[in-house]
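All chains should be modelled from the sequences, with the hints used to inform the complete structure.
Chains A and B supply the protein sequences, listed in that same order. Start counting the first sequence at 1; every next residue gets the next number (this note's numbering). Start counting the second sequence at 1; every next residue gets the next number (this note's numbering).
Calculated directly from the structure, the hints in this document are not laboratory data.
Cross-link-like lysine to aspartate or glutamate pairs, in silico, EDC-like; alpha carbons within 20 Å at most:
#1 B:Lys351 to B:Glu54
#2 A:Lys77 to B:Glu223
#3 B:Lys184 to A:Glu21
#4 A:Lys77 to B:Glu425
#5 A:Lys116 to B:Glu223
#6 B:Lys184 to B:Glu446
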Amino acid sequence: MVGEIIMSLLILVTSCYLYIEAMRLREFRAYAEVGPDFWPKIVLILLIALSGALTVSNVIKWRKSPGEVRDREEGWKRVLIAVFLLVGYIYVLKPLGFIVASPLFITGMMLLIMPKRKKVIPIAVACIMAIIYILFGRLLFVPLPKGFGVFHDISIILGL
Amino acid sequence: MFYYWTQGLFSVLEPYNLFIIVIGSSLGIMAGAIPGISGTMALALAVPITYVMEPTTALLLLVGIYASSVYAGSISGILFRTPGAPEGVAATLDGHAMAKKGLAGEALGVDIFSSVTGGLFGTLMLALIAPQLAKVALQFGPSEYFALAVLGLSVVSSVGTRNELKALIAVLIGLFVATVGIDKISGFNRFTFGTTTLLSGISFIPAIIGLFAVAEVLNRIREMREMAGIRAKARAKLPSLKLINRLKGLLLRSASIGTFIGILPGVGATTGAFVGLSEAIRWSKHPEKFGTGIPEGVAAPEAANNAAAGGAMVPLLTLGIPGSAGTAIMLGAFLIHGLQPGPLLFVQQPKLVYSIFVGMFLANLSIIIFAKLFIRYFSKVIELPYNILGPGIIIFCVVGTFALRNNFGDVWIMMIFAIIGFFMERHDYPLAPIILGIVLGPIAEENLRQAMIISDNNPLALVSSPLSAILIGLSILSLFSPQLRRLWARRRNAKGRS
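Written out as structure tokens, the structure reads:
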């Protein structure tokens, strides 16, 4: 329930902030009464009202059942690491290139999901890389990121 | 009309297009059947592959995936009580009960036959209704289009959801996301926060891939639901003529209900399946037998959900308004290929429209062949561990999103939507309304502003025509329908007690 409250509160606070941003658009209302701020404001007012109502109802429910504790699952840690790995992967994809960054990411994710099954990692990495490279690089002609400097040279040597 | 049908048929029968439909149907069956890859996810993943294809070929691939994935959701539901997609949940009750009785083959056979019947019926209705509706829709003005978009948004937020408030919030989030970027009417930047990435708006495809594919992988990583240790050796046995004769009335009724539900904007195949099942129970002479493992319990929801898939294409093709998350992705594919679904599509691209009709017929028919083959090797496919599948899907998503415009900004947008989708799903916020909000938002806003400018800012112009007034009335009714239903049920209970 605490998570529910945080979620609805987050939507409420974000909507309020975006409404303030939308108010700045008023100055652009040059030639028509219904300017660029009109529709976003309607949407954000409704969003503020509904997320506010949801927050209040969540708080009332939480007060009625104060014994409920926040779940501390092992799964959350895994998701956090997965998000961290994914953000890191997207961040290094441009400088390291697809051919260097992707095997590192796949290995990290495989170790995260099933740490005991290490033997299949090299085969799985090779298979995934081959499928993506053939499909996007060869069949769809997508210029996969090659990386900078030495990583660019590695990508070229490996035929990317 | 006959001329366009022939053109559509010849277009689909071109060897490459035929091959693409076969690929699409096979991928759809696989995606629908494997828990963790839904039909919607498969469509989202397939969109980047279609960038280099001709529009007709691209849409045939998506149509193949779309039509067959609805069927396949029930395969793992029948065999393992774990439906591969939400559309298959309703058939799981009786289907798995039949499997436990040792009638898995029969259940899978009824599943295939009912799905194909429902799918063909839905497609037939699509082909009959869509051209007529498109003629009517040609007369629509801004106020009618605004009212239609509002109806679509109100239905999606009130029907088939557990929490209407959260569904409405999800719709509004989608509507807000659609406002980011350069305003098409005034040309001013909105909510771009000084970044160039957001100037062209939040692209639809990264949002879909983030919400439906990456968020789902994150969910699976958290839960680590495994199908380990499951072995299934079943072969589908198509129903006998005697059983078909017994089911024919039920199939026709369920397919009709499914088509109608599919046509309603925002209501998808899952709702169709449940309404089909509940109506079958209501009309049955032996309602107590449902849930114990009878073919009727599989046939009714499966005929209804596959028919709903055809029905959901009606508002997409005729009005440009998607009826479900799957058709919303198809709308994205249309736009990528420079096509705008709507009444003009029937005037400007009749060959393409009729190719889609023929493609849907073929995709539904191909289920008979590919489903039987697939079921035979299903146990092998499902053994693919998630530590390979999960990272594979994510890499596919990252590269697929990058391929859209060779832009890392899109990949970051996908990542942000994945995190949003993960947390929203975790707290029971439905994701499909966000997508429909993103799709219908520009239609609603542009037409609202146009109607206001034309009428010199008179809000009554929005309900000045009878059609727009009816549509707005229906929107209000559908918005409050859950409350009205609850009030009605409470009154009935109170009457029953007294």
